[in-house]
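For the protein sequence lines, the chains are B and F, in the order given.
Just add 234 to wherever you are in the first sequence, counting from 1, and you've got my numbering.
Just add 234 to wherever you are in the second sequence, counting from 1, and you've got my numbering.
These are computed hints drawn from the structure, not numbers from a lab.
Treat each hint with caution, since some may be false.
As the list claims (entries may be wrong) - In the DSS-like style, the derived pairs of lysine-lysine whose C-alpha atoms are separated by at most 27 Å in a straight line are:
1) Lys284/B with Lys357/B
2) Lys284/F with Lys357/F
3) Lys251/B with Lys284/B
4) Lys284/F with Lys251/F
5) Lys251/B with Lys357/F
6) Lys284/B with Lys284/F
7) Lys251/B with Lys357/B
8) Lys251/F with Lys357/B
9) Lys251/F with Lys357/F
Protein chains: 2
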Amino acid sequence: MTDFDSRLDRLLADAAKIFAERGFHGTSMRDLSRATGLSLSGMYHYVPSKHELLFRIQDRCLGQVASGARRAVAHASDPERRLGAFIQHHVVFFASHVAEMKVLSHEDEELTGTMAAQIRQRKRAYVAFLTELLEALPSPAVRPQVAAYALFGMMNWIYTWYHPAGPIPPDELAEEMARLFMDGYQTHTPHAAAAVAASQGG
Amino acid sequence: MTDFDSRLDRLLADAAKIFAERGFHGTSMRDLSRATGLSLSGMYHYVPSKHELLFRIQDRCLGQVASGARRAVAHASDPERRLGAFIQHHVVFFASHVAEMKVLSHEDEELTGTMAAQIRQRKRAYVAFLTELLEALPSPAVRPQVAAYALFGMMNWIYTWYHPAGPIPPDELAEEMARLFMDGYQTHTPHAAAAVAASQGG
DNA sequence: GTTCCGGCCGAACGAACGTTCGGACGGACT
DNA sequence: AGTCCGTCCGAACGTTCGTTCGGCCGGAAC
């Protein structure tokens, strides 16, 4: 990796943090200048525009979750474990890349033209990937599409309340969300609830 | 209701629509002027600032969901039905007030000072209300707080993909989400799945 | 030792921003 | 007829925005 590339990476990471804090429109290039230590005009040697900065952040992050998910799912044998692996990976990845994932989730409609189209397409592919996992595991009551969006909502909402350094470790949160999605909050089917309780020694 | 108040209501509704489309920071007072038909300075007869406009939209909407939820829950007898009523109401309300609810969900960190504090407090109360419903209905595997945020995520994510006029009617979506939250996607407990399938004649 | 070039900057550009101000208009009161 | 007040406006305020431009600087190339 060249010197230029590593400096660019640093810029993207810093920018993601500020975008996550103040929002894309709420952040000025001067804010980024202050946060990165680069001068206002200096940043334009790494990126041709503020929008491209957002695009690069989103595109890179999307590539990382998607390829990570594919890798995680590949290791699992049956459809149910595959779905579990997807959830586990997405939640843990989210927790360890909060800024980028918040920017990816929250600044969804700020890009236009080609950049917007490319991000939209990659997002669709990622959603389709989950939908296929769900279709391989049909539910009697819930449409796969609805289930996919509901699950993404559950997981992506994380950035509004969850603190990775708080009392709940990321992998525990992932486990809890996987269980919630697969088995439900489960209060009115005592036998199933008891089975789950027994299986965890509680 | 005075003439002034009804005009203000109209302004808030129009502004909510534009805020939902372009975001708070992405919307200029000139955009709102164009959309409402009022002049740029004319709008300042109804509201002292752009931020107060956002606050009024959020505050009113929050009051409506919260009181609606209380009303819906009051009619239900047992804890499980109460939770179901809450979900049903929240989803259906969301679907019929998409713009306002999107602004309420998405423009969460744009207010400051007193206005931010007031909205934050009312939101906390609304979350607490759901958390109490969940605590009255303990789950063996999922913490009520996690369940509450997961459920809100599932429901509030709606604005990113759901179209009320599309193939899925709001009350059907609500039903599906309630079932998903309570029973889970349910594929590995055949007896429970079969029971649900039988109960709906499938 | 001179040239060259990538990295970086200060200063400035025109445009757009939220907000203000003085006044125009018209119906209700005296 | 004259006054008042709520409604609304055009024009402008100062500020901040994203972006550009000309040039400085230091090390590599010749």
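Tested hints:
1. For a cut-off of 27 Å, the pair hint linking Lys284/B to Lys357/B stands: about 21 Å separates their Cα positions.
2. Distance restraint check for Lys284/F and Lys357/F: the Cα-Cα separation of roughly 21 Å lies within the 27 Å cut-off, and the hinted pair is therefore satisfied.
3. Restraint check: the Cα-Cα separation between Lys251/B and Lys284/B comes to about 14 Å, which is no more than 27 Å; the hinted pair holds.
4. Distance check on the hinted pair: Lys284/F and Lys251/F sit about 14 Å apart at the alpha-carbon level, within 27 Å; holds.
5. At most 27 Å may separate the alpha-carbon atoms for a hinted pair to count; Lys251/B and Lys357/F meet this at roughly 25 Å.
6. Annotation: proposed proximity of Lys284/B to Lys284/F holds, straight-line Cα distance about 24 Å (limit 27 Å).
7. The hinted pair formed by Lys251/B and Lys357/B meets the criterion: a straight-line CA distance of about 21 Å does not exceed 27 Å.
8. A hinted pair counts as satisfied when its Cα atoms are at most 27 Å apart, and Lys251/F with Lys357/B qualifies at roughly 25 Å.
9. Proximity of Lys251/F to Lys357/F is assessed by CA-CA distance (about 21 Å); at most 27 Å being required, the pair is judged to hold.
In this structure, every one of the numbered hints holds.
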